[in-house]
Amino acid sequence: MNQADISHLVSRLKIQVNPRLRKFRNPEGPLGRLKKLRKTVTALFKHERIELNYPRAEEARMYAERLISDAIRYGDCHKTTMETADFWIEEKQLIHKLFKVLVPRYEHSQTSYTRMYRAPRPYPGPMHKKAVLELRGNPYPPLLPDFVSNRNLIHNVLLDEAKKEYRSQKYAEIAAKIESAEKGALQIENTASEKSSIEQNASVSEQKP
Amino acid sequence: MALSQIIKQPTMKLLEEKFLALSIQSCSAIQSRNKQVAPQPRLRNPTWLTKKNRVIHDDFLTADNAQFVQEVIKDRYDVPPKVELPKNTVEWTPKLKRTGVIARKIGELPLWLKTGKKISTTLLQVLDNHVIKYFTPEEYDPPRKRPTRIKNKAGCLLLGAEATDPTYLTKEYCMLFKNSGVIPKKHLARFFISPDAALPPGTPITAQHFSVGNYVDVRGLTKYRGFQGVMKRHGFKGMPASHGVTKTHRRGGNIGGGGEKGRVWPGTKMPGHMGNRYRFAKGLKIWRINTKLNVLWVSGIAVPGATNSLVYIYDTNLPRRKPSNPLAFPTYFGLGDAVAEEDIYEESLHRFSDPTIVFQKE
Amino acid sequence: MLVSTIRHFKAVNYHARILRTFSSQIKGQSSRSDTSKSLSELRNVYVEFLPDPTVEFRNPIREKLERLDMLARRGQIDIPEFYVGSILAVTASDPHSLGKTNRFVGICIKREGCGLRAKFILRNVIDHQGVEVLYEMYDPALQKVEVLRLEKRLDDKLLYLRDALPEYSTFDPDMEIEVLPEGSRVPVNPLKVILKPKPWLERWERQNLRGVQEFEISERDKRRADKVATPWLKYDLMKNYMNTIPEEEQNEIFSEIHEQLQQLELTRKKLKRKRSFVKPFKLG
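Residue numbers (this note's numbering), protein chains in the order written: chain Z, 1 to 209; chain A, 210 to 571; chain E, 572 to 855.
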């Protein structure tokens, strides 16, 4: 089978990669596909949050992630990276944004650099799936409300109570086990000491005559 | 009594006769109209084919509570279920049918024989199989009863493989695993077995269920290739590329004669959907077994399905490739004190840790 | 007179032997194989330990088992570091003449495949006839792989040697091992090959070859080459990503087998020393 290409090293992407790239059929061929996608990538870097059709968003997301990860990895003094950035970003002032704003923002990030949501589609209207693509750490208010820290939801309250009960029962069982084990150990020790004392006595009695 | 008192007895008898005649007539009429005595059996799914995955929605659980749920699951399923070994085990005979296993096709690798010949093999990883339930022949209800068929003599063993997080599953599906004490599994499969080969629920089945040198049949779902032409689907030759051939380079050509047989005969090979069907690869030899990772090396690269897809492995039913030595029956329990080797090789196979092959005169 | 000449001959022979053993000892000491190789070096030397990057074919368990088998085989045979453009001598047991071996010297023109399927092609011109042999690296019939000259060329594949003048792929079968000084990098041979006139086996003008002297092509061929050229392929970041293994994964793989590889290299060093020692014999 094929050998891995090691001439150009890359970092692992933090998003799931679709192994079958979409064709986006185009009179210009594969180059036309890239040109189409780079419009989206440029828009993403410019506006930081965009709404668009789902397939295009998923595809452009992978390329945007790769561009940022290469920029973080090689920096702006690397010729190949600069050329790639020049190809992918149509508005050239955004190249500065990539290397001077986005790279410091994501340098120590443990998660992906972008987020994608499924957007509702207008009804009645076209049946295309829609998506919202955004850069993490953008200045806009978040799209989803934060309920995760809400302890007052009914199932959280119930689970809290269940947790208390379950844990108290569990710890009681563990404590009982430890106690019984200690008792057992004591008993064994006692019996052992008795045995040894008996043996000693026996040996003493043997020695006596 | 009151009725009979009111109506005179002869008239009563007359009435009764009349009713009887009517009823018999009507009965006989129905019977003659509907010749079939037993109604057509209704298609029913096996009991374990329930809805598996629940609808996932945001529960907004706090991190503490989510952790607590996982803790409960861990406490419950961390201890493997205690299984009593079957008591009256029988020696294996060629007529007995053992259970198969659920496995995963994980790739293809070459191996070399001691003669220097290179063979290609497929690697099948036996997943964490556990017995979920056994249905005796009387108890097991086939999904569609066929009245004409001979009475079913095989029992049915339900196996599960690949433990998963039960919070993603429906309650109904999780209840299937309740009596076996096994953590809910992603995949279920039934295997028809001789009643002597029955296993208690919770029994684990490993790669050592099979032994090196024996043959197996492997069943899997072939890759879906969509609507394909005749050349790809049936291996037709097509037509010449040049010499005046127009528009028929990859077509099948003639599909039948004329005259009395002037129609398309059933079963004629034509373009259509290809793949996405369960197929068997039969009589594959087991060359090597890794007991630590539960992997079988099986001959050939024609095991149906893509890499990382599920396959089902059975003892072969090809009469000439039946094993000569007794098999581990009903399955391998690992009871002996001897620890199995990590890698078990077929005799004629070259081990990679053996010295270089030198071809000697015999 | 005769006796004295024989004695003289023996003495010369003896000196030659001593010299040879001495030089081989020096070779053993100054072998380039540094025992503690960094991960970046490992990935160049042991490329075939990286799995096939095609996503559909990948499975961590299969890859692990494959690596174990490869290490087991490498414990039996010393497969040294070599690249496309290096000159190798491969000794293999011959299935057609039982009990005997077959040694072939040639330039490596291609390395392909990964894992147990890794292969390489050697090319040489013997009796004015170009000969190529494809060897599988983990074939248990291989007895010995020697690197006679360790170097790289300007291209990743040297298949164009088939259409080049025969002197570029002619090598002496009795070639001596050329030793590189310790710690030196693998030299890149900047040789530019002269191709024979057309007809060729492949359309070399379309392949951006660096190791070939400029050749004349017709206007029509040039136009056609420009038409099918894909200069934008280097910008398709995802395609490039799927042709390689990410560095984190490479590091995981090599840190897993690092120790065993080091052990193998140590044993190789010891064996070299052992082989270089020849018991002195009495002068007649």
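Derived from the structure by calculation, the hints contain no laboratory data. Even glycine gets a Cβ: it sits at the ideal position worked out from N, Cα and C. Incorrect hints may have been included.
[To be verified] Below, in silico cross-link-like pairs of lysine to aspartate or glutamate (EDC-like), each with a Cα-Cα straight-line distance of 20 Å or less: (1) E:Lys635 <-> A:Asp337; (2) E:Lys805 <-> Z:Asp5; (3) A:Lys323 <-> A:Asp546; (4) E:Lys805 <-> Z:Glu83; (5) E:Lys810 <-> Z:Glu59; (6) A:Lys501 <-> E:Glu827.
[Claimed, not checked] Computed footprint of chain E on chain Z, listed as stretches where at least three residues anywhere in the stretch have a Cβ under 8 Å from a Cβ of chain E: (7) 28-42; (8) 57-69; (9) 157-165; (10) 171-181.
Hint by hint, here is what the structure shows:
no. : hint                  : result
1   : E:Lys635 <-> A:Asp337 : holds, 19 Å
2   : E:Lys805 <-> Z:Asp5   : holds, 13 Å
3   : A:Lys323 <-> A:Asp546 : violated, 31 Å
4   : E:Lys805 <-> Z:Glu83  : holds, 10 Å
5   : E:Lys810 <-> Z:Glu59  : holds, 12 Å
6   : A:Lys501 <-> E:Glu827 : holds, 18 Å
7   : 28-42                 : holds (count 3)
8   : 57-69                 : holds (count 4)
9   : 157-165               : violated (count 0)
10  : 171-181               : violated (count 0)
The structure fails to meet hints 3, 9 and 10 from the earlier list, while all remaining hints are met.
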